[in-house]
Amino acid sequence: MNEHQQTLLEFMQQQADKLAVQTMQHIGLTFISLFFAVLVGLPLGVIIARKRKLSGTVLGFAGVLQTIPSIALLGFMIPLLGIGPKPAIVALLLYALLPIIRNTYTGITGIDAAVKEAAMAMGMSKWQILIKVELPLAMPVILAGIRTATVINVGVATLASFIAAGGLGEFIFGGISLNNTNMILAGAIPAALLAIIFDFLLSLVQKLNFRKLRRSSYALPIVLLLLSSFYFIPTAYGSKLTAGFTPEFMGRQDGNLGLESKYGLKIHTIVISDAVMYKAAYQKELDVISGYSTDGRLKAYGLVVLDDDKGIFPPYYAAPIIREDALKKFPKLEQTLNLLSGKINDSVMTDLNYRTDYLHQSPERVAKDFLVNHKLFKPARKSNEENTVRIGSKIFGEQYILANMYSMLIKGYTDYGVSTKTGLGGTKICFDALTNDQIDFYPEYTGTGLLAILQASSKTINEVTKNKDSTYNYVQREFKKQYQVSWLKPIGFNNAYALMMREQQAKSLNIKTISNLKRYLNSK
Amino acid sequence: MIKVKDVSKHFGKVKAVDTINFEVQEQENFILLGTSGCGKTTTLKMINRLIEPTSGSIFINGKNITDEQPEILRRSIGYVLQNNGLFPHYTVAENIAIVPQLLKWDKKKITNRTAELMEKLHLGSDYLHAYPNELSGGQQQRIGLARALVSDPPVLLMDEPFGSLDNVTRAAIHKEFKALDELKRKTIIMVTHDVQEAFELGDRICLMDQGKIIQSSTPADLLFKPANKFVKDFLKDQRLQLEFKAIRLLDIWDLLPNHHQEAHTSSLSTDSDLWTALEHFKFIDSETVNISKDKSEIKIVGFEQLMSAFNQYKNRQGHE
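Note that the protein sequences, when read in sequence, are chains A and B.
Counting from 1, position 308 in the first sequence corresponds to residue 308 in UniProt numbering; the numbering is continuous, with no gaps.
Counting from 1, position 78 in the second sequence corresponds to residue 78 in UniProt numbering; the numbering is continuous, with no gaps.
Here chain A stands alone, though its shape is the one from the complex (with noise of 0.2 Å):
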């Protein structure tokens, strides 16, 4: 454990530079995309409250949009935007769409018929009873949509930080990631203030009488402009090569820390997440990025393993932990999960996780196709209701793989049921479920034990992680000291962080190593 334990406010301090970026990247993006959802949805409000037909298909399009997961809206978004702010805002967008059509068109719609008809019966033009008497009525209601929509873009653009448009999701959900409460908690805070103090501001707005109203709706575009143009003031320093990392990564001592104390190594770095970052790689939008060196996508798109000729990275070597609890409950059970182990090579690894991630395969077949051609595969038994053992994963592909291996070979080989809860956040869902009994076991990695969970000093960090077998055998002594939790067998493969490029390029530029790397963004 950490001699000293951080709080929240020296996070804050020490981190204030960072803060204040991501913050007024957050304030940014919330605006822009609200300036362009004004722009766009005010006059479709307009149009369907004159044709009042068009109403259901917008308002339903609107609508639809609305329920799309936010994250698979950016997913969709990427094809088609690439990564960066630009997807981001159009997704941000999308969202903010059906508050502001809704309530312009409820708004304009549920005004008194005897004041619209004067204002045609004294020859007023269609535009001027738009400018003049629609718009100024409806605008209270308005205004409540376009304060529904700000604190809908206030939560939604933390997610921005998945497609590098940074944000403070980049604290939130690097915080999940690394198990950092204060990280987490750095990036929430400021979030939900934001929420706050828009939601209370335009409560005031909306509150004005008709006199101020009218003065303040010409005010509201300037400051939706100003407060657009927060984005573009941490303006990005240019290199060479742009790296694309992880928020885990970016706050690790065996990431990006680590590349910059010990290899001295300086890139423009873009934060986004593991989901469209190979993606991103293979589509010449970035050039260096931190991914696994198991992941099947390292296949798919042709990428290389930089060597980490000093080091930093250290293994991470995957092994199911398991509460010691559990193993008395279930006594066949480490029997059977160390059928596993030592039959999972790196390069096995990769090939499966191909197939999932590239070929897409479901995880359940491919776990099957192995274990069966490796003769371990056995017909469920009738399983026991009473007694079933609670398997976890985390979210991303091969976790899925060996979760679905483990559930088959405690089907095959045991009386006990199972249920699996696979897609569990990162590291730290992961773990607090195990620990709170949510989850009898799940695969873990050595060196995220040692850094993530145990948080080891960077002494002992140093020691342990010469070779596999001393860090193993020191989260194991640990985590069963500290959290009365099991390491078994380790399945074999070493999925460690590494940095890669694209072979094509790699090769042009003769970048073999890390240091390769680093001499090469040095030279001029």
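Since the hints were derived computationally from the structure, they do not count as laboratory data.
Hints are not guaranteed to be accurate.
Stated by the list, open to error - Below are the SDA-like pairs computed for lysine to any residue, each with C-alpha atoms no more than 25 Å apart in a straight line:
1. A:LYS207 <-> B:HIS129
2. B:LYS45 <-> A:ARG52
3. A:LYS212 <-> B:ALA93
4. A:LYS421 <-> A:ALA72
5. A:LYS266 <-> A:GLY311
6. B:LYS120 <-> B:ILE58
7. A:LYS328 <-> A:ASP415
8. A:LYS212 <-> B:HIS89
9. A:LYS512 <-> A:ASP309
10. B:LYS104 <-> A:ILE131
11. A:LYS428 <-> A:ASN473
12. A:LYS132 <-> B:LYS120
13. A:LYS507 <-> A:GLY492
14. A:LYS126 <-> B:ALA93
15. A:LYS480 <-> A:GLN438
16. A:LYS126 <-> B:GLN101
17. A:LYS212 <-> B:HIS129
18. A:LYS116 <-> B:GLU52
As the list claims (entries may be wrong) - Per the computed footprint, the stretches of chain B lying under chain A, defined by three or more beta-carbons under 8 Å from a beta-carbon of chain A, are:
19. 73 to 87
20. 97 to 110
This one's a predicted model, so the numbers in the text were calculated from it and none came from an experiment.
Glycine included, C-beta positions come from ideal geometry on N, C-alpha and C.
With chain A held as given, fit chain B onto it using these hints.
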């Protein structure tokens, strides 16, 4: 002045207005009377093109109204609605200034004209900066009237203008309405379902039913020369009161006894209706009332004499 020729309006299969014809003379108060759904409001709204007729044409001063842009046409026609239709986000002054601003009057002219109207309509100038929801129903209706009158349009269309007011307020506004000199110069077409109101304010009444005109004539003719049973039945309630209101003193002048005498007190003009003359006895403790014709001849009559003349008049109508 206004000529409606073979005008029809169909909403789908419903014939809201079915081939109607009428003419309204300059400075006339023309009332469209009927029950809900008879087509009177549709007829009114076709005159300022809020509704376009299915067939037929409408002329104002001999000019087909479709020759002009609807916006331009409407700026020369005042319009008063039942629910006043004041802009809730405009102050009283701003509401009144809507049409002048469309006509691009200068500020000073607007201010002067607004002040003039406010005075004529007995509204204090401290209301100018109030919002409509701060005013009473009667005040709102007066502002609605002021808004319609501000640019002094020759034609005024009124759609049940006093329909949403209580009886007491309505009676007061009726009185003001009749006394307002601005309105005497105007050609007015008013829609109402209130027979009393029609008789009180109308020079001519056009009774409609199911999109057709049943009878279009003076109030007296409507009573004493009904075109058919429908007209008779329509006026059945409060018939006596209607008759009093329909008969002008001029109509019974010849039937009144001749008492030539110089008048020292104020007198009623022969343009007044019998109802007004009879009310005189109710409110003023007096045996007789002075009636003057053309400000030269004066007759002094009592209640009995008026009633006797009224009966003779009615008998005469019946025998024609």
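Here is what the structure says about each hint:
no.	hint	result
1	A:LYS207 <-> B:HIS129	20 Å, holds
2	B:LYS45 <-> A:ARG52	23 Å, holds
3	A:LYS212 <-> B:ALA93	17 Å, holds
4	A:LYS421 <-> A:ALA72	21 Å, holds
5	A:LYS266 <-> A:GLY311	18 Å, holds
6	B:LYS120 <-> B:ILE58	32 Å, violated
7	A:LYS328 <-> A:ASP415	15 Å, holds
8	A:LYS212 <-> B:HIS89	11 Å, holds
9	A:LYS512 <-> A:ASP309	10 Å, holds
10	B:LYS104 <-> A:ILE131	17 Å, holds
11	A:LYS428 <-> A:ASN473	22 Å, holds
12	A:LYS132 <-> B:LYS120	28 Å, violated
13	A:LYS507 <-> A:GLY492	30 Å, violated
14	A:LYS126 <-> B:ALA93	23 Å, holds
15	A:LYS480 <-> A:GLN438	19 Å, holds
16	A:LYS126 <-> B:GLN101	16 Å, holds
17	A:LYS212 <-> B:HIS129	14 Å, holds
18	A:LYS116 <-> B:GLU52	17 Å, holds
19	73 to 87	holds (count 12)
20	97 to 110	holds (count 3)
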